[in-house]
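> These are the residues of each chain, in order.
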Amino acid sequence: MLSQYAFIGIFAVIAFALPVIGLVLSWLIRPKKSNPAKTTTYECGMETIGDTWVQFKAQYYLYALIFVVFDVEAIFVFPWAVAYNKLGLYALVEMALFIAILLGGLLYAWRKKALEWH
Amino acid sequence: MQQAIFIILALLTLGAALMTVITRNLLRAALWLVATFFGIAAIFILLRAEFLAVAQILVYVGAISTLIIFAIMLSRGIMDPDQVRFNGQWGVVGGFAALLFVVLAVIVTRVPWPAAAGGAPVGDAPADAIARLGAAFVGPYAIPFEVASVLLVVAMIGAIIIARERE
Amino acid sequence: MDYLRNFFVNLARSWTAWIGGFLPDWGVNLVNYLVVGIILVLMPVIATLTLTWMERKVIGRIQNRIGPNRVGPWGIFQAFADAVKMLIKEDIVPSGADKPVFNLAPILIAGAAALLWAVVPFGRGMIGQNLNIGALYVVAVGSITTIAVIMAGWSSNNKFALLGAFRVVAQLLSYEIPMVLSIATVVLVTGTMRMGDIVERQVAPFIVVLPVAFITYLLAAAAETGRAPFDLLEADSEIVAGYFVEYSGLKFGWFYIAEYGNLFAIAAITTTLFLGGWRGPFVSVAPALGPFYFVIKSVAVIFVLMWIRGTWPRFRIDQMLAFAWKVLVPASLANLLWSAIVLQIGRQPEQLGPTIVQMILLLVGNVAILAVTGLLLGRAARRYAAQHGWAGA
Numbered sequence: 001m002l003s004q005y006a007f008i009g010i011f012a013v014i015a016f017a018l019p020v021i022g023l024v025l026s027w028l029i030r031p032k033k034s035n036p037a038k039t040t041t042y043e044c045g046m047e048t049i050g051d052t053w054v055q056f057k058a059q060y061y062l063y064a065l066i067f068v069v070f071d072v073e074a075i076f077v078f079p080w081a082v083a084y085n086k087l088g089l090y091a092l093v094e095m096a097l098f099i100a101i102l103l104g105g106l107l108y109a110w111r112k113k114a115l116e117w118h
Numbered sequence: 119m120q121q122a123i124f125i126i127l128a129l130l131t132l133g134a135a136l137m138t139v140i141t142r143n144l145l146r147a148a149l150w151l152v153a154t155f156f157g158i159a160a161i162f163i164l165l166r167a168e169f170l171a172v173a174q175i176l177v178y179v180g181a182i183s184t185l186i187i188f189a190i191m192l193s194r195g196i197m198d199p200d201q202v203r204f205n206g207q208w209g210v211v212g213g214f215a216a217l218l219f220v221v222l223a224v225i226v227t228r229v230p231w232p233a234a235a236g237g238a239p240v241g242d243a244p245a246d247a248i249a250r251l252g253a254a255f256v257g258p259y260a261i262p263f264e265v266a267s268v269l270l271v272v273a274m275i276g277a278i279i280i281a282r283e284r285e
Numbered sequence: 286m287d288y289l290r291n292f293f294v295n296l297a298r299s300w301t302a303w304i305g306g307f308l309p310d311w312g313v314n315l316v317n318y319l320v321v322g323i324i325l326v327l328m329p330v331i332a333t334l335t336l337t338w339m340e341r342k343v344i345g346r347i348q349n350r351i352g353p354n355r356v357g358p359w360g361i362f363q364a365f366a367d368a369v370k371m372l373i374k375e376d377i378v379p380s381g382a383d384k385p386v387f388n389l390a391p392i393l394i395a396g397a398a399a400l401l402w403a404v405v406p407f408g409r410g411m412i413g414q415n416l417n418i419g420a421l422y423v424v425a426v427g428s429i430t431t432i433a434v435i436m437a438g439w440s441s442n443n444k445f446a447l448l449g450a451f452r453v454v455a456q457l458l459s460y461e462i463p464m465v466l467s468i469a470t471v472v473l474v475t476g477t478m479r480m481g482d483i484v485e486r487q488v489a490p491f492i493v494v495l496p497v498a499f500i501t502y503l504l505a506a507a508a509e510t511g512r513a514p515f516d517l518l519e520a521d522s523e524i525v526a527g528y529f530v531e532y533s534g535l536k537f538g539w540f541y542i543a544e545y546g547n548l549f550a551i552a553a554i555t556t557t558l559f560l561g562g563w564r565g566p567f568v569s570v571a572p573a574l575g576p577f578y579f580v581i582k583s584v585a586v587i588f589v590l591m592w593i594r595g596t597w598p599r600f601r602i603d604q605m606l607a608f609a610w611k612v613l614v615p616a617s618l619a620n621l622l623w624s625a626i627v628l629q630i631g632r633q634p635e636q637l638g639p640t641i642v643q644m645i646l647l648l649v650g651n652v653a654i655l656a657v658t659g660l661l662l663g664r665a666a667r668r669y670a671a672q673h674g675w676a677g678a
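Chains as they are written, first to last, in my numbering: chain A, 1 to 118; chain B, 119 to 285; chain C, 286 to 678.
Please note that a few of the clues may not be correct.
[As the list claims (entries may be wrong)] Here are the computed lysine-lysine pairs in the DSS-like style, where the Cα-Cα straight-line distance is at most 25 Å:
id : chain 1 : residue 1 : chain 2 : residue 2
1  : C       : Lys384    : A       : Lys38
2  : A       : Lys113    : C       : Lys611
3  : C       : Lys374    : A       : Lys33
4  : C       : Lys374    : A       : Lys38
5  : A       : Lys32     : C       : Lys370
6  : C       : Lys384    : C       : Lys370
7  : C       : Lys444    : A       : Lys38
8  : C       : Lys611    : A       : Lys112
9  : C       : Lys384    : C       : Lys444
10 : C       : Lys370    : C       : Lys342
11 : C       : Lys384    : C       : Lys374
12 : A       : Lys33     : C       : Lys611
13 : A       : Lys33     : C       : Lys342
14 : C       : Lys374    : A       : Lys32
15 : A       : Lys32     : C       : Lys611
16 : C       : Lys342    : A       : Lys38
Keep in mind that the hints were calculated from the coordinates and are not lab data.
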């Protein structure tokens, strides 16, 4: 098993090295004539007004939180799915209960309009 | 060889964790935290816990860190360099952190871990390790498994109520 | 002739035997890992060089144009010309950008696009590594993309980029759940997360057994890669190009390569999970045919995605997120539960993959889910139209 991940490790090094090599190559041959006008923020030619890092709305946070809940749920489903062939009816009942509780949560979020985008 | 890889990974993970704490820029700190999560996932793989490693990446890198970044974007004056770094409670929090460290250190050193007791290096994980984990979810650990589901829903409902109140 | 029948595996064996003659065992492993790694890492680049041409031609035909036809015969060298252009373009970093993060983002996103290929089975025994967690590995690698997108959008110091990045992330998060659930359904039916074994146990392609999972996966994957009609993250008419608006030269190029690498990768994963991967006629006689079937099926999936892009208008963000949570998630959960019920019926000990009876029951349930979903969607659409006073909608 560890030798499999040795490959993944080596592969990751190669995968992240390739873009770096490309960027170095392009750095060697590309022109470098910068001026202040070129490096202005691109906003269709308008002067930028105010800070870029504005305060975002709570909606995003709520979305991410609902996502975390369902992501953890999905993680639980996978080992169960792999083992399922060797398990009896109780495995089905327990997973149905697990999913039903979470579906209740989804229904609540739906009813409270937490899934709407304002 | 494994020992050497472990030491390198541990140092990288700790380094990233340290950067998380001392970086002034909040978003960069969050990115260092992501690097820490990856380091921990790699250490899980070294311990032959591949499912835990992939769960670590999915939940912590994919979900929790996005949640943290969204939380950062929600706060006011995020990019203001003049923000104070400590509030009045740093002493209390520091105390609790030290206490947690002591408790964890005691647990790690005192508990007779099965792997350590054998003395010999642990072999490969069984081929059906993930299936066994799944069987354990619905077998001996059925109650914690269902409670986890309730906990997840409670967290979600709580967040929705708080977010509703703000509007 | 016998050698040709399983050409790719035999070639690998001869190669290993040859270098084994003068290298120690660990050296052979290392060299093989490097060779396989380099081949796989080039997949996104190959995808970009071929698929950009294909996409322009396909979209061109759909829009009643010819598409590129100047550089080389039928314009096939257009992509190479573009590659050279990207390489020699000046690199502009906007003032006020967070430079290290700005430079790291394209590297991460391109690397992640390549990493996906480590678990894709091109043929029997032709897979980077048949990981025990292969199906989840694919999703986990995708989360690197999320981080890279946030990094790019935030470090550019540009409002369009930041807004684009946040739209992307909201979209990626919403569509990851139905995607993971549809993969879970396949894992449940096959009883394994190993990508190679999923193909081995796919007696009939799962597209005809689990159409709900297939449709969910394809739509979610299209959304995850920001393909039309889910392309509002780079909606040119609204926020210019989204999170990578400030990138130029090869840094922009890596985003582009990652986009097409991901397109090819999701087509390959769709093929593996739902189209029977490298399976096809005569493949048991001549396993060397496997990779060809695999590529043909993948290109067919890509063509469907391009067709969708050329035909459908863009979703609004609220419609898109609602579609994920209110349609795809309930449908795929229902599908998962139905599959679990069916697998309890008429089960043989030590069975690998579903039996014929189970497959028929699965298909019946899937068609029912599709019908109910369609019915509810139609009713919701009529209600919406009535609320807004539209007639005949």
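> Now, for every hint given, state plainly whether the structure supports it.
Taking the hints in turn, this is what the structure says about them:
1. With a C-alpha separation of about 16 Å, the suggested pair C:Lys384 and A:Lys38 falls inside the 25 Å cut-off, and the hint holds.
2. Using a Cα cut-off of 25 Å, the hinted pair A:Lys113 and C:Lys611 holds, with the two alpha carbons roughly 11 Å apart.
3. Restraint check: the Cα-Cα separation between C:Lys374 and A:Lys33 comes to about 11 Å, which is no more than 25 Å; the hinted pair holds.
4. For the suggested pair C:Lys374 and A:Lys38, the alpha carbons sit about 13 Å apart, so the restraint of at most 25 Å is met.
5. A distance of roughly 15 Å separates the Cα atoms of A:Lys32 and C:Lys370; the hinted pair therefore holds under the 25 Å criterion.
6. For the given pair, C:Lys384 sits about 23 Å from C:Lys370 by alpha-carbon distance, which is consistent with the 25 Å threshold.
7. For a cut-off of 25 Å, the pair hint linking C:Lys444 to A:Lys38 stands: about 17 Å separates their Cα positions.
8. A distance of roughly 13 Å separates the Cα atoms of C:Lys611 and A:Lys112; the hinted pair therefore holds under the 25 Å criterion.
9. Under the criterion of a C-alpha separation no larger than 25 Å, the hint pairing C:Lys384 with C:Lys444 is consistent with the structure, at around 17 Å.
10. For the hint pairing C:Lys370 with C:Lys342, the CA-to-CA distance comes to about 20 Å; that is within 25 Å, so the pair holds.
11. As the CA atoms of C:Lys384 and C:Lys374 are separated by approximately 19 Å, the hinted pair is consistent with the 25 Å bound.
12. Using a Cα cut-off of 25 Å, the hinted pair A:Lys33 and C:Lys611 is violated, with the two alpha carbons roughly 52 Å apart.
13. Pair hint A:Lys33 plus C:Lys342 does not hold up; C-alpha atoms about 36 Å apart against a cutoff of 25 Å.
14. Between C:Lys374 and A:Lys32 the CA atoms are separated by roughly 9 Å; this keeps the pair inside 25 Å, and the hint holds.
15. Restraint check for A:Lys32 and C:Lys611: not satisfied, since their Cα atoms lie roughly 51 Å apart, outside the 25 Å limit.
16. Note on C:Lys342 and A:Lys38: the hinted pairing is violated, with a Cα-Cα distance of about 34 Å set against a maximum of 25 Å.
Hints 12, 13, 15 and 16, counting from the list given before, are not met by this structure.
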